[in-house]
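Undergrad: Combine the two chains into a complex, taking the hints into account.
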Amino acid sequence: MGSIIRILLVSINILLALFIFQNGFLLKRQEILSKSSCSDAHAQPGQTCWMKQQYQRVILILVDALRYDFLIPIDENTKKSKEEWYYRGQMKNIEKLVKSGNVSIGTLLADPPTTTLQRLKALTTGTLPTFIDAGDNFSPDAVISEDSFVYQAAQLGKNVTLLGDDTWLSLFPNQFSKTAAYDSFDINDLNTVDDKIAPILQDEMLNSNSSIIIAHFLGVDHCGHKFGPSHPVMADTLRKMDRIIGQTIETMKSDDHGMTSTGDHGGESENEIRAGILVHSKKHQIILPERPIHQIDIVPTISLLMGLPIPFSNLGTVITQLFTRDLWEIAVGMNYEQVKRFAETYAAQKNFGELHSHTIRDSNTMEEQLDTMSRIQTLLRVSWTQFDDAYINAGIFSLVEAIMFLITNEVMSLEWIIYRTGCGLLQAALLTDKTDSDGSARTLLLMTLAVSCLSSIISMCHKALQIRISIKSMLSAKVIGPILVIIHSISLFSNSYVVYEAQVVRYFLQSLVTLVFLEKLRSTALRPRKPFKLNFLWKFVNQDQNLIIFTLIMVGLRSEPIFHRCREEEVGCDTYYPSRQAGSLTRDAQVVRLLFALGSLAVANLSVFKYYGLRDTKSQIESNSKRSSETIRILSATSWLHIAIIVLHSVFASLTHDVSRANLSAHSLSVISLICAVLAWREGNSAICAHFLLMPVYILFGDGLIPAIIIFIAVSVLIAEFVSREFIASTIALLIPLGFYHLGHSPVISSIPWNAAFVGIPGGTALRVLPALFVLFHLNFSAISSIFVISSESESSQKMSAPNTAWTLTETLVLMTIRATLTCLVSSIHRRHLMVWKIFAPKFIFECILTIVFIFSANFFLIYRQFFGEKFKNSEAKINKLH
Amino acid sequence: MLSLPVAARFVTLSWAVFYILAVLFGAPFFSDIIATAVLATALTAVSALPAVFLFDSEERAVEVILQLFSCEGNPTPKESVLLFNSVFAFLGAWAAAAVHPLDWDRWWQRYPLPSLVGCFIGAVIGIFIAITRIFVIKRTAYNKTKKR
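Order-wise, the sequence lines are chains A and B.
Each residue of the first sequence is one higher than the last, beginning at 1 in UniProt numbering.
Each residue of the second sequence is one higher than the last, beginning at 1 in UniProt numbering.
Extracted from the complex, chain B is given alone in its bound form (with noise of 0.2 Å):
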């Protein structure tokens, strides 16, 4: 648990890089404000929140921040589920936006929504996945040592 102001700082932090994604990959700038805050609430909720507890001290977080970024080191399982956590939500929430521009008029083609739903369902699978892994890994390292 990261304490109150450092973590206050990051939680807002990450909502404001979200929301500014949010906008540059097109959602609306002055309309639906309320609509854009609402999803970057959840991509942080999903991805910045669970960080907050998990997390000790604020260097380890930016430091496997940087090795997310730089694709190196070696995260910690309980850091692994969250990092695939927060990279599939986002991956959930980009893939959402495909239902907009079809024309099918139901009511949950509303801007949000989608990517809300997206972003929990890729949230979902992030964490299946990488618990799978986890299990994976360590069931060949177990066969390993079995062997020897």
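Isolated chain A, as found in the complex (with noise of 0.2 Å):
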């Protein structure tokens, strides 16, 4: 009892340092609530408000995902790769266009991250988005409360109509006077949303009044999720952009303003944050400068032609090239006014002293007007990825402590219980008043770890004089272990080791396998004795089958570049079928993955029934109960339906794009399989209930990664079978990361496996807890199945006890938890480091999220033990009176 109570309150504490760190690593951004209004800038003569308005209506299409190079036309002799064909040069109408000199393109930067949600902040606000924002992509009440062009439109009384993603309706309730908004959530649903907002656009812009039409186009995006660039769907959907924007175009009165924008996804690779920009305008002749524009720009952009204020925490510069050339020094005024507004506010607000210098000296001609406001969108843009360093010291801080206390192992008395409830509350303390101005919960806290390191030291002290330190004791595998899972942590520190962790894991356990491997060898009951023969040697090596558990470990392991999805930064990796998105692979590479599949959960389950169906009905036949081996039989006979449920449903989603009778296999499966699982528990045969309840989580990783996974549970099976109690813990350490890469993953945001979220789900369900629940159980598998191996070790070894199982498991949490601080330390030391967003943030965010599910897991099994563990003590103790 004493050791689940110390696991529970110390993952309470490691929980709430992970909170606390990462509140002050993921630093949100400072916002202004503050608007602009008609009387802050000095107005044109005769005009009410900042500038007179240029155009009538301005019309807004933004292409999600639209790359650059998918935009621009290219000239018919050169050549394009095959992958490139169908993605470059598809729309014929911009070409044409672009040749009679209507329209103007030009390149737009995206600042990352470049998510939806940021991007659509940033594109009517202005502003630079953070990071962490990043994490409220999928947060339903994520209503834009600083100043945008929407909302000046809106105040001034302008009608603004938006057609296309609903993630705008969330941003700024009713705040459009006309929408035909629809859910943006399902990738696999292509063309629904697109086809309809089209002709209401056309209506829209024949009929209704709106001063700025924003119509948002997702075809693109999702055929990018769903198949990747090179992908005939993606051709058809770029033509039929194309078609659309080519319609606008025409159908344009003549005061209308056309702009197209597009935005991008995901990460900050240079593809992904230039996209193109389209400009249309039937007054004038306009020629885009041949120089990236910031996404931004746009903003004040529409304001000043729409005659409306500049958004107050706006730091984008205006395109002067869409005004006519004698405006040109009015509207960078303007602008200027309001960036200068801005950075004084911000300053004084949030004591940012440094924006003082630039704002203090005026600055009168374009030139120089435009050269200060970059510079203070530069400086604001480096701050707005300030850390907040108290909060990163306190949560590395607090988990040194609680890795430490964890390491004395003390007695768990009523004192330590007290001591570390009072710890957990002064952390939530510290993690939800905010305004903690004068520090106090911060001191309290600070002290209260000194305290209890400075204990922990003593207590390691003391202990570590009661060793006694010989060479052979350090050269086991028991030290080398841990030492081996430390290596790999501070290997971290380094961002070439952070890109090819997968093959630095893998190379650390297969060491850790042969060193359990060469230990085993001696601890062995076969002794060499004569006469000494190359035979007796193959026959010394694999007594016990040793050296072949050994060879299948060890190729399991191997099997990893397999299934291993590439991560832009690794060179010379490939990504082979398995973990490809499905739409990208060609009809035949999909049956092709479809048969490795078919053939790998044959195996699985042929293997299954022969080693754990046989062996109860043995132990069953001694009981003389004859129909419970029957019981056996039928279930494996049904299996075989679940294998052909798991196939029907790849067929259904990924060949023929069926998608309800996809969603009706998976319903039907996991009821089935669920069914079975019961029957197979009542057997008491927890291996083939295992297996039944593996069943939709094969549909849950799709076709690709069903050998990936079927080879992970087996070398987890092998390894829990063959590595040692004394040696599971470093083991289990190094195999969750392995298997989070061996399932298809890579620390990258980009590749979260969304697909998972649709898995037997129909588009558009308000329920959106279940597929983030399924994304997470897919990333976080190789975590959850550890505890198996763990539980599994405990049932196998002879002396089975529950204070032994703890231990194992805090032995693990130790080591987990050292990875995670470490990893924090890491990202902390690295802020500054040019790949922080990039490398190094995503694997941090990677890393805790693994080292949560591993303590929430953890904690779930104890406490079930403790439950429910009489029972398992009876069930063991008759099948050992059995034997």
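These are computed hints drawn from the structure, not numbers from a lab.
Since the model is a prediction, treat every value here as computed from it, not as a measurement.
Not everything, but these chain A residues come out facing chain B in the computed CB check (under 10 Å): (1) TYR497; (2) PHE540; (3) ARG558.
For every residue, glycine included, the Cβ atom is placed at its ideal position computed from N, Cα and C.
TA: Right under this line is the structure:
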């Protein structure tokens, strides 16, 4: 009981510490809620509000994920590679318009992070969204409270029409005069939204009196997610977009002004932040500058063109080329006044003195003003990745303290319980009370932690003095295992080792398994004796089939590169069929993949029933109940039905794209497998029960990754049997990250398996918890399954006792926390590193999620064991009697 | 010196084991076959080839290997030099893999080179340690007899 309370309390401490660290590291930008008004600027003579309205109407067409190279026309003669053919030069109408000089194309730079929510925020408010907002992408109440041109238009009584993505509605509730918004969450749905809004857009342009029409098209983005750029569907979608843009330009009235801009998705690679912009006006010919335009520059431009005040927090600079030449000075002047006003307010409110040095001097010429604006922009861009060192230090210190406390393995007395609870409460206070101005909670927490650390150090010294150190004891796998885990954690300080982490983890895990193998040889019953022949060497090495199991584990681990999902930094890395997006494969490849999955499923099924079905029927025969063995036999027959359904599901989902049938098969499978699992559980055959419970998991992972998951489970089972209890903790601490890579993940934001969210769930359901859970399960399957390795380990070892399992869990927890702490340390040390948002911050996030899921499942397992463990022991005793 | 057929069998077997181990530990399976072969040859040259010259009979060779695995028995000083030499050669080749992920773009980061260098450096360190160890053991034994 004591050990359970210890793990529970320390887990809470660790979780809170991770959240504290996260709070300091992934800082939110501080918003200023002031709004601009017409009286802010010295208006043009004869105008009520900042500038004269230039156009009656602005039509803003946003095409999600339309890269710059999708948009630009190409010469007929230039050779396109086969991949490029599908997305380059598909937009013929635009090509024609560009040649006639009616429209102008420029490059548009988006600021990372380039997720939809951040882009929309930037496109309407003109601010620079920060990384943490990426997490808010799916939260329903992401109302923009800052000033935006949508708000300004609504304020001045101008109508704004929105067509397309419904994310806009959650951002600007009740600010549009007319909307036609559709759910954007379902990526399987390529055409519905676009087909619905295209005619409405035409109608709106001809008949309504809206001043701003925003049409947000999602087809290209969804297509990119589902099929990737090099796919025939992409060409179709691009041609359709091209037609829509062409038609829009044709139907535009003379005083309309059209603008197409594109935003992209996910990370910050060159392709992702370079979008295209296309501008057309019937009034005068526009030539966009050669240099790239920032996405936020659209905001002041639209505002001034429509005679609106520029949003208060805008940092963009107006695109002068869209105005007639005589208005350039005025427009830039207005823009400069606004940015300066914002900078002064920000400096005063948020104690940011540096800004003053830029605003103090008046800039009078247009060039000077532009220069000052760009300097303010750069300064704020840097500062919005400002970290809160107090939180970072408190978080890391708490983590270190928790590790030290776990290592000392103190008896959990009442004092310690009170102490740890107090610690947790202080941490919670630090988390919830953001306005901890005098830092009292922090000081108190640091003092508490320091005292605890001191006590742990004393206790550790005491223990260290009692241990006798010899070279032989230092060389055992028991010491080297944790050292390997720690070396791996330290290696994360270098970005190359983070990029190639999959290989590093695999190498270390293989080395550890080899060590365990050698250790096993050292302690086996068969002693070397005469005659010393080569045959005997073989017999010695392969006793208890050690060599075979060892080789199987090594081969299983070696198969990781087949399922590896390459990140773009990896040189010379190929992503093979299994972890590619289903849509980006040819039909043949998909069929091959499906057959591969089918084969591995069949092998898995056969071997499960061969080894585990037989084993239990033997014990059942001894107890003379023939009926139960029949149940297993029936179950083994039904298991083939399961496999058939899994394959059918893959056929429906990836080959025929029949979503409703795929969902139906997924639902029926989960029901049947649940029933079978319960039946198997009743038989007392937990292996077969687990086998049936895994069936829905196979569907969740999809046909490509079924072999990966089967190999991973096989390796886990073999490791549980092969590795003895002393070494299991460090093995699992390495197995968890390996499983993360083995199952086709990589620590990059854009590789989150969103596909898993839609398995068996019809698009557009209100319930969003379930998809999120699916994705989390997909990501962290290895952390969850590792618990079963520990539990089966404790079952198989002869002296099964609860404290032993708890101690193994504690050891694993310590190693996982050490790694999490070091990733925290890494990301805080490298916070000014060039690669921080690309490599270290995502690594930190994924590592923390893995650790958190492990902590949750470990605690769940322990509590479950505590309350239902009695039953466990009884059944165990029965089986032991039978043997 | 082992007899020729026994020696040939011994060397080929160890070469095959090293090759398989290298592939299991992540050497490319289809490409770079020559590189892996060179690495296996180097490991064989450092560990199995001296063994061929050192041992007089196959039995003794197998016995020493078994003792290495089960960590008991006492090899003669010459044999202990061989054991240290080969174990440290493996460790060197193992540890040298650390330079592969680094993005320095140097010519010596190409696949077999770091492991080759690691293997030879490890072998030298192993011999050095073994000789020192023998020296220390002899010295203590000498001191003991002197005290008596």
